[in-house]
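There are 2 protein chains.
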Amino acid sequence: MINIAVLGYGTIGSGVIEVLKTNCESIAKRAGDQIDVKYVLDLREFPGDPIMEKLVHDVNTILEDPEVKIICEVMGGVEPAFTFVKSALLKGKSVVTSNKELVAKHGAELINMAKEHNLNFLFEASVGGGIPIIRPLNQSLTADEIVEITGILNGTTNYILSKMCDEGLGFEAALAEAQKLGYAERNPAADVEGHDACRKIAILSSLAFGMQVDYEDIYTEGITKITDIDILYSKALGAKIKLFATSIRDNDRVYAMVAPAMIKSNHPLFSVNDVFNGIFVRGNVIGDVMFYGSGAGKLPTASAVVADIVDAAKHFGKNIWTIWSSKKLELTDVNQVKHRFFLRVKGSAQDVKDQVAKLFGEVEEVKAEGIQGEYAFISESISEQDVKEKINKLADVLSLIRVRF
Amino acid sequence: MINIAVLGYGTIGSGVIEVLKTNCESIAKRAGDQIDVKYVLDLREFPGDPIMEKLVHDVNTILEDPEVKIICEVMGGVEPAFTFVKSALLKGKSVVTSNKELVAKHGAELINMAKEHNLNFLFEASVGGGIPIIRPLNQSLTADEIVEITGILNGTTNYILSKMCDEGLGFEAALAEAQKLGYAERNPAADVEGHDACRKIAILSSLAFGMQVDYEDIYTEGITKITDIDILYSKALGAKIKLFATSIRDNDRVYAMVAPAMIKSNHPLFSVNDVFNGIFVRGNVIGDVMFYGSGAGKLPTASAVVADIVDAAKHFGKNIWTIWSSKKLELTDVNQVKHRFFLRVKGSAQDVKDQVAKLFGEVEEVKAEGIQGEYAFISESISEQDVKEKINKLADVLSLIRVRF
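Protein chains in written order, with the working numbering: chain A, 1 to 405; chain B, 1 to 405.
Be aware that one or more of the hints could be misleading.
Repeated chains share a single entry, so a pair holds when one copy, or any two copies, can fit it.
Result set (BS3-like, lysine-lysine): computed pairs, CA atoms no more than 30 Å apart in a straight line [said to hold, decoys possible]: (1) Lys327 with Lys21; (2) Lys29 with Lys318; (3) Lys328 with Lys21; (4) Lys115 with Lys69; (5) Lys328 with Lys54.
No wet-lab data here; the hints were simulated from the structure.
Could you put the whole structure together from the sequences, leaning on the hints where they help?
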């Protein structure tokens, strides 16, 4: 019997308990032994829930119990999770977590600490919910130098954009629907402003490049400025707008950004709709691969957490090597990055057209049915710096979206 | 330094040498040491190729050299690969292979042999080329009971079907083009008759269900009977025809089959076109996940082989657990499996329609522009046995394709 403790009895924590129960036999077979939840830590009480038998309010009960071999941290947030996880590792317990804030902030340190103590710190569920992406990056794509990772990493924003696209809803209406269905929180900022996707791409980039990518360094733009008119234009182009979290290596330079992008159907992430996530990886020998699945949700995320528990159980006394040094990777200034840009400028098409031609040279004009009083176009590939300077010279820019075709 | 030997200097073998050279530094970092190819086994000579320095014609030179720790078998075919791999394991060398025939036939035995000797037998490249699927099934989806695996596992047939769909080509013309581009062999039977996909789904099913699935037991139908007229109808339906290799668990029954399937855009494999492969997996807790990438090709496949070499190097003295017992899994008789079927029957629509209605009850009529002298429809969900009996009563059935919507 392998004793574990679950820190946090929220959505994911209760999912972990449920998955361990549902697939108890097959999990035991794969872990080599029965997994038993000895404690659940939560400050709350859950009257009537059978979990009460295992509930403790003091983390020290768990940390001081030598029978507990694996800690499953599913509380979220940096503190007190960080303190608890460090203490657990120092007490000789392996840790698995779904906590993206913790991993983005302290991943390198906790990985090293686990390594020093011949333990494991695993975090498959911190990115992409149930989708296997951390382990493939770590253990499958080891023959490659990764040159790009681009993900649709936030289910809430992908749901909102899908709704806007499929039903012609505006941003606010689509957000309201997402909130009604429980896909978006009452305070949706972490999702719609791109912060959630930003932490996740920071984690993936750190793993891909083996060095610390600080999420604070990543240019992050959410989807709040995307309107139903933008969607109309994207449809006219046969394109979709997705919130992309991207990290690209170009020789020794790496840049990373989170921002809406227009893509066409030849992009592998084009069909990733609703609350699903997709992660596209380009390696210098493997070429393009893509991973797709439920990026959030109780059971898919719990599935990834439990898979980490199984892996930790299979690797008692043996550290699973993860290359993520605490040395900081200096990202390239995003202003130097080049894209094509979709732009909408207020004014009569004929007036603006000339001004745009003077500033941007040759552009691709874009028209959408029924839209008047503005001029929309796609620029040639120019730098972020350049586009900023140019749009400063235009009177009223209604929209700026990066174009990936 | 870790000494390895490569058995077979064909496309994949030379790709392995190239990948090890190209990414030499990052691979050494991930493997924990420099990987050095000490020998390459091939019966042929390669005058002028630097490989000549390492070329040997006698496998015993390799087997008897205690410095060689990992054997990379990329010859293909069951024999002599099987004999060589067994001997290598008995001599204490771990083995990685891209050989689907070998793995489908002797996987269980070789996995057990590796386990007994505390070695590893790894075969990521045997299915889906570069796409990580074996390791995710083995190590990531361990919290789940797999209920379905469906793959587009053969790049050649997917290329042919994509060409037929995009350019309206007939089967023979599309095959000829695939042969011209080197995607199809001069004798294309293994691909177009579905045998290649059959071996691959046998491997994936054995891993998913932990027991031996014999490929000889899997109902296998290729794409040679698919015509440009079928494609016209599929387009009229907004559907595509793909060669699906499927294995589904329904309680304690498992059935597996390789056959063309009609799918619509809501299926995650709909956008897997050209020579790409995609593998869809449904778990009882994770829900649906999908893996996508280059299913063949020199470098993508070599990338997967080298990733296995890295994994073997990281696991000297420690067997990576793979659950694939030699106990045979008895598949459900495919005749009992139910689908909807797309059928085309020769004759004037009005005549056939009544006959069809009598036999099949309510059906969905399908029309394609410009096609006359036949009646096409999609049946309700009925068993394979049923559909066979019913079509025996029809004069001239032009086409029968399973429908997955």
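We went through each hint and held it up to the structure:
1. Lys327 with Lys21: between (41 Å within a copy, 26 Å between copies)
2. Lys29 with Lys318: both (19 Å within a copy, 18 Å between copies)
3. Lys328 with Lys21: between (41 Å within a copy, 28 Å between copies)
4. Lys115 with Lys69: both (16 Å within a copy, 25 Å between copies)
5. Lys328 with Lys54: neither (41 Å within a copy, 41 Å between copies)
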